[in-house]
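Assemble the complex: chain C is given as a structure, and chains E, R and U must be docked to it using the hints.
Chains as they are written, first to last, in this note's numbering: chain C, 2 to 362; chain E, 2 to 362; chain R, 2 to 362; chain U, 2 to 362.
Incorrect hints may appear among the rest.
Copies of one chain are not kept apart here, so a pair can be met inside one copy or by any two copies together.
[As the list claims (entries may be wrong)] Computed cross-link-like contacts, EDC-like style, restricted to lysine to aspartate or glutamate with a CA-CA straight-line distance of at most 20 Å:
# : residue 1 : residue 2
1 : K228      : E45
2 : K81       : E278
3 : K228      : E63
4 : K40       : D102
5 : K228      : D35
6 : K81       : E130
7 : K84       : E98
8 : K106      : E257
Treat the hints as calculated values from the structure; they're not laboratory data.
Number of protein chains: 4
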Amino acid sequence: MQKSVTKICGILTSGGDAPGLNAAIRGVCRTAIDIYGMKVIGFEHGYRGLIENKSRVLNPSEFSGILAQGGTILGTSREKPFKDKNWCEGTGPCAVEMIIDTYKKNKLDCLVTLGGNGTNTTASLLAKEGLNVIGLPKTIDNDIVETDITFGFHTALTVATDAIDRLHSTASSHNRVMVIEVMGHKAGWLSLYSGVAGGGDVVLLPEIPYDIESIARHLENRGRAGKTFSIVVVAEGARSVEESRLDKKAFKKAREQMSGSIGYRVAREIQDATGLESRVTVLGYLQRGGTPVAFDRVLASQFGTAAANMLAEGNYGKMVALQDNRLVGVPLENVANRIKSVPVDHRMIETARDVGTCLGD
Amino acid sequence: MQKSVTKICGILTSGGDAPGLNAAIRGVCRTAIDIYGMKVIGFEHGYRGLIENKSRVLNPSEFSGILAQGGTILGTSREKPFKDKNWCEGTGPCAVEMIIDTYKKNKLDCLVTLGGNGTNTTASLLAKEGLNVIGLPKTIDNDIVETDITFGFHTALTVATDAIDRLHSTASSHNRVMVIEVMGHKAGWLSLYSGVAGGGDVVLLPEIPYDIESIARHLENRGRAGKTFSIVVVAEGARSVEESRLDKKAFKKAREQMSGSIGYRVAREIQDATGLESRVTVLGYLQRGGTPVAFDRVLASQFGTAAANMLAEGNYGKMVALQDNRLVGVPLENVANRIKSVPVDHRMIETARDVGTCLGD
Amino acid sequence: MQKSVTKICGILTSGGDAPGLNAAIRGVCRTAIDIYGMKVIGFEHGYRGLIENKSRVLNPSEFSGILAQGGTILGTSREKPFKDKNWCEGTGPCAVEMIIDTYKKNKLDCLVTLGGNGTNTTASLLAKEGLNVIGLPKTIDNDIVETDITFGFHTALTVATDAIDRLHSTASSHNRVMVIEVMGHKAGWLSLYSGVAGGGDVVLLPEIPYDIESIARHLENRGRAGKTFSIVVVAEGARSVEESRLDKKAFKKAREQMSGSIGYRVAREIQDATGLESRVTVLGYLQRGGTPVAFDRVLASQFGTAAANMLAEGNYGKMVALQDNRLVGVPLENVANRIKSVPVDHRMIETARDVGTCLGD
Amino acid sequence: MQKSVTKICGILTSGGDAPGLNAAIRGVCRTAIDIYGMKVIGFEHGYRGLIENKSRVLNPSEFSGILAQGGTILGTSREKPFKDKNWCEGTGPCAVEMIIDTYKKNKLDCLVTLGGNGTNTTASLLAKEGLNVIGLPKTIDNDIVETDITFGFHTALTVATDAIDRLHSTASSHNRVMVIEVMGHKAGWLSLYSGVAGGGDVVLLPEIPYDIESIARHLENRGRAGKTFSIVVVAEGARSVEESRLDKKAFKKAREQMSGSIGYRVAREIQDATGLESRVTVLGYLQRGGTPVAFDRVLASQFGTAAANMLAEGNYGKMVALQDNRLVGVPLENVANRIKSVPVDHRMIETARDVGTCLGD
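Isolated chain C (complex conformation) (with noise of 0.2 Å):
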């Protein structure tokens, strides 16, 4: 006898893809399906599977040996169906609606979105509009509010860290300052652990505006300390002191200007400033794919699974966050539109300082 459904379920993974999401969708899947009976529909490349109603049934094949897989099954977009503000005074239905239309005809009971602080964001509004939602903080960032760690960011710092071991035995071999540019708009996680992990000996984050000559004094007595070279970690959005005084509009004019991206930047300002031979390696894609590592896996799973807890208790409008060791589910409105960064008086700040780390300024 086929057992009745209890609930139906919907999944997507949305924003750039992160190590984990497979283990997290197998986590939600597995507990909703066998455990509570639900049933589980997955929607194809994020907001826009929604909008789309382009979706297929998860059955068990579907998520059996994915843990171990980098990417998403569900494949992934940047879509923001709430990047217009008045999204609904046109003509024709828009992305909302066509969202809500979609729930409904699906039958929905809920939805769980995996992703960072853009679909966390987007999460918020659609639970405003009625719709039950669970969000999972996903990104390789580390930059969620709310939650101690996200899934993704462990693989990152160990790519990061792995690359950052390989650039010094050319950096020795050579007399070289090596700079690895990591990633991190807006918020240094990654650049900070990375740097520590990797024994780098500046590392820039965008929360602690930098000094050149800070830097070049730093390179000049590693040198004098018979130091013959050094590994500069640099976060995408790290910056000058004197960017950090330019308003929000100022400062995108002057990156737009400036020649390839900020590791070559501050590449040129080292040379220029101690002529130290320097070259630079820019990271990119490779930190946000490939298999998970352990701790991400296992990490995911537990949200995962947490999540599907939260839809059986009806426990909606929230996001899984991992507190003081503790899995909670904290108010999706809570975790819209912010960003976490790195207070200047974290302790890995201090520890990166206690090790000889200079960190720019």
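Structure of chains E, R and U alone, referenced to chain C:
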């Protein structure tokens, strides 16, 4: 002008080696020497170096470039100076007296010990003897109380998960049950986390006595669902329901009579109960060797620098610990002679069950 | 309009699994189907699938994305249809008759077998029965004659070398002899290559009987030179000088009475002869699982595509081989029932001795 | 009693660093010193160390434990002492005179140079000046003539393939074309091998000028077959059909005007021709750093020990090479000023086409 030395600090690593020891030594030394102007003396091969006064002053050239190295530049041993309860009743100086003598001869102001439960227990006893000791929680087993995590664990987790990943392909190609035995005599953190990360179908830990009938049923259900192979993760300290009823002495005796390690026994029991072809891999020393993963380098660096800060403050008699994302010092006597088991209601136990893992009960 | 099928080709994988099998299957299928318009039928679990006529047509969706996957999508078994010498004298159809029957029923024009020495021997016998067979040399042991290299070997070499790297840190931290047992019952390629790659101090292979006194002397000399630890790499098939004088039957009996595997015995012998603390790691199944390294994917792709080209030419009864950088076909009967041992004057033997490795003699 | 020194041998590493240099240095030293009783002097930073007479005697403590280390303990530079054709017509001693002077001052009997094409060309010229030189073929590009393989190549291949593997998950999750630029200015070995190993859909190498229309057609065909993403591997030296018709000077000029590197241009061209969203990763320095893979350690050890054997024999003026599995010495003058391109009928070209890869033509 030579700066005067503010304090003289001893340091040693004791017990089984674990990835991150060198990162922690570097963290202590960089902070103690460069920030606080201390002198650091490294004692060789754990407490044995203290007993025999074998040491060397640690200069920057020694701890430069060791961040990513496995093992310990100081060497280690399993020497336990207090192991004989009546240790000072015999003739001649005993081990502890010799340690105190070494401490005085070297004019030590303080001592940092890096190790697991045995090391911390000794450290606590030395503190009672009047030495200024600070402990650092190192173990791949993650079984030290009062801290959320120990360094070494994440690397062991990564090695174990990689191994499980490798066994998957052989298991699926041959329609076999692959049993993998991982470390963990008294606590099941490693088998539980690697089991979830690797997608183990059965995961056995010391805290949950196993019933071979439950396991057999689970494997047979998998077969009926079309799964032609299974992965079984077994902690060294796993025990059956029957064994869990034995007293300590009887259990020890039973184990001495066991042919091969527990992994082999579980494989035989599965084969007998189900007829499924079962093969064993004992992971062994691979779990404690090699370069530490990024997270262990970060964690060990944090612990090392925090220890040096406590040395500077004179905040002795403590073990550095991570509690709810804060670095704190906990009294060594609270740590001594205790083991942190996996609570049976731990969120990871729940996660494991939710994704369909059989825990043997 | 549907193109007419040019040939119908069977394919199977047999013997222990090895990394690269899927890459080779993909190479055969892509070339046979897309370039030559053949139909490819995959038989499941080696020769058993031929005996029992269990198969499926391989369509692009099956061999897309398998290049980097370990194991084999076809499954494997150690089934040897000719193992009973008088295999057709009994009553009822025997295994080989059933194979021929399957071959005819499926209207096969040819058959590709991927496997090691056992597989090639069977393939040779089937060729004598009139089947159009082409063999591919797969084995982590690299012990197939007439080819310079087999796929699977480089991945096993990488896994074994990584393991030796890990053991180094424990060995050096504890002043121990670490013994690691790697695969290779009949040939020592893997122990020799991983021993040189990992910097093993003693490397034992089946081809060079070992004298424990020589080993002890070498380890003691290391101690006198200030080296406080050693790594000993032992092939499964390593044997002592005394054992090498036994006939096959006596040797087999001696081994059955041995407690534990050869790695354990060598460790005991070293400990007895030198007093050095010795520990053992048996690498086991980890050597054959997991994603193939880049070189094995390249090699398996080359072998697979070459096999398909030979199918198209009707160049049957051959095993694809790499000889002096050329892909050639060698008669299967030249390969059957033979083992490629390491010649004692091989250049790698010389290299090992030159870098100071003790080979046990 | 001190043994008398049989020969005094200089050694240096020159050009870009490559994994395996330290393994080769160790191979030379172990054999030369321990087997033949030579003295080995290491010159620092390539030919610059010879010009400036900067060196140190290499003792066992220096080359112990370096087998698995990336980079080179001797440092390297791109110094080319013969770069000025009329190098001795000016006033004062020129670079080559200084080298000869250093050679005499240190009473060198011979010199081992480890490097790529530039290094070997210089070595050949020094041999003509009367120095006893032996070259070792090091380069990640694998583009040295007269040898089947160079050390460094397999590690670069592994790094590039790992990167392609990582990009696969992002490509598939976002329905994108991911372009990855790998090293290889003059020869396409690395792009060809990593492209086949990573399952690249399009692989561009300098030897085969590409036609963007062919590439576009191939990618569109993939789309029609339901493949929603593609991987494009581009060698630094890839060029279009149009560019291949330019003379050297015009080509150089065209490249100087190109915005970004070739990977970016190919991505733009693909996006323009197909409308597919295309993203770029430039792998850069990651390809030459880090621990050498097992095979490179083996190969470098073989080359190093062979070099020492040739030193002992007085077999000078040669480069050590691997030809059809034999270690041989080839005259340096046969190697100088030449590049080993990928022959367009190479078996790997055929393999690539057989598995369905578009090579741009």
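Hints, one by one, checked against the model:
In this homomeric assembly, K228 and E45 come within 20 Å of each other (Cα to Cα) only across copies, at 15 Å, whereas the closest approach inside a single copy is 52 Å. Taking CA atoms no more than 20 Å apart as the test, K81 paired with E278 passes between copies only; the shortest distance there is 18 Å, against 43 Å inside one copy. Only between protomers do K228 and E63 lie at most 20 Å apart by alpha-carbon distance; the minimum there is 13 Å, versus 53 Å within a single protomer. Proximity of K40 to D102 under the C-alpha cut-off of 20 Å is restricted to the intra-copy arrangement: shortest distance 19 Å within a copy versus 46 Å between copies.
Taking CA atoms no more than 20 Å apart as the test, K228 paired with D35 passes between copies only; the shortest distance there is 16 Å, against 58 Å inside one copy. When the C-alpha separation of K81 and E130 is checked against a cutoff of 20 Å, the pair qualifies only within one copy, where the shortest distance is 15 Å, while the shortest distance between copies is 65 Å. Taking the shortest alpha-carbon separations for K84 and E98, only the intra-copy value of 14 Å comes in at or below 20 Å, while the best inter-copy value is 69 Å. Taking the shortest Cα distances, K106 and E257 never come within 20 Å of each other, neither inside one copy (44 Å) nor across copies (57 Å).
Hint compliance for this structure: hint 8 alone is broken.
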